[in-house]
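Position 36 of the sequence shown, counted from 1, bears residue number 36 in our numbering, the numbering being contiguous throughout.
It cannot be assumed that every hint is accurate.
[Claimed, not checked] No farther apart than 25 Å at their CA atoms in a straight line, the calculated lysine-lysine pairs in the DSS-like style are these: (1) LYS52 / LYS176; (2) LYS144 / LYS52; (3) LYS144 / LYS176; (4) LYS176 / LYS99; (5) LYS176 / LYS111; (6) LYS138 / LYS176; (7) LYS218 / LYS176; (8) LYS144 / LYS99; (9) LYS176 / LYS33; (10) LYS138 / LYS218; (11) LYS111 / LYS99; (12) LYS138 / LYS99; (13) LYS144 / LYS218; (14) LYS52 / LYS33.
It should be emphasised that the hints constitute simulated quantities derived from the structure, not laboratory data.
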Amino acid sequence: MTDRNKFPALFLTALTLASVPANAQEGNEGGEKRTRIILGPQLSPSWPGADKFSVGPYVDVSRTRDSEFTFEAPDESFGSPLIRSGNFAFGPAFGFIGKRTASDIGADLPKVGLSIEAGAFGQVHLTPELRLRLEGRKGLSGHKGWTGEVSADYVARQGDDWLFSIGPRVTLGDAKYTRAYFGVTPAAAVTSGLPAYDPGGGVQSVGVAAGYHRMLGKRWGIAVYGRYDRLVGDAADSPVTRELGSRSQPSAGVALSYTFGGDQ
1 MTDRNKFPAL
11 FLTALTLASV
21 PANAQEGNEG
31 GEKRTRIILG
41 PQLSPSWPGA
51 DKFSVGPYVD
61 VSRTRDSEFT
71 FEAPDESFGS
81 PLIRSGNFAF
91 GPAFGFIGKR
101 TASDIGADLP
111 KVGLSIEAGA
121 FGQVHLTPEL
131 RLRLEGRKGL
141 SGHKGWTGEV
151 SADYVARQGD
161 DWLFSIGPRV
171 TLGDAKYTRA
181 YFGVTPAAAV
191 TSGLPAYDPG
201 GGVQSVGVAA
211 GYHRMLGKRW
221 GIAVYGRYDR
231 LVGDAADSPV
241 TRELGSRSQP
251 SAGVALSYTF
261 GGDQ
């Protein structure tokens, strides 16, 4: 699970740790309970379309009673399944985007405050190696729009000894979300010197993400991920992107993992 803003992510980390027993996947109730925590730094764009990066925590908490942990993509939003039926799972999804100020972006554009996002996800494993996921989140503050993502992951693994995943990403945003980060109102055009621009909603970016986790021993492991997104459509054509940001949106993280429970 990843995030763009340090302090909200730390808060959500604590919330996740507190809620693991209630929300996490436990699988076979007869098995011995194991909990795995992944924690380390990650580097990601400071806001959508930024050419600046922020360092924040790369964190994940998983729990199982099965012989192996359920796959989670390293870049998916915070949240755990509440409903499972066969290969389908549904649950809440939470995200944060750090604030963007005029001094941050280098032009007199309206501030976009800290965005707290809440929504839901649905995912299905078509095969043990192929997972499809759809999530949507509403900005409760900040951009106050809708955003979401469609993703697919191919997963290769040898139990919990090692796991590699890779797959495409499509990021979506409605008009309110897109205008918050990529629009220029007539008033803002006067103060910033940029041309007025009124983008619409739709596909914001396309990309690919890959992750790898490997156990180094009985308890400790290492996790790495990389993701690259390319802005498209109205987001890519925005003068905010062309003159003050970047169409390229890379992110990466590295972390250690520790597994509690199970055989010593």
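Okay, the hints, checked on the actual structure:
no.: 1; hint: LYS52 / LYS176; result: holds, 23 Å
no.: 2; hint: LYS144 / LYS52; result: holds, 22 Å
no.: 3; hint: LYS144 / LYS176; result: holds, 7 Å
no.: 4; hint: LYS176 / LYS99; result: holds, 16 Å
no.: 5; hint: LYS176 / LYS111; result: holds, 14 Å
no.: 6; hint: LYS138 / LYS176; result: holds, 11 Å
no.: 7; hint: LYS218 / LYS176; result: violated, 48 Å
no.: 8; hint: LYS144 / LYS99; result: holds, 13 Å
no.: 9; hint: LYS176 / LYS33; result: violated, 44 Å
no.: 10; hint: LYS138 / LYS218; result: violated, 40 Å
no.: 11; hint: LYS111 / LYS99; result: holds, 7 Å
no.: 12; hint: LYS138 / LYS99; result: holds, 16 Å
no.: 13; hint: LYS144 / LYS218; result: violated, 45 Å
no.: 14; hint: LYS52 / LYS33; result: violated, 41 Å
Checked against the numbered hints given earlier, this structure breaks hints 7, 9, 10, 13, 14; the rest are met.
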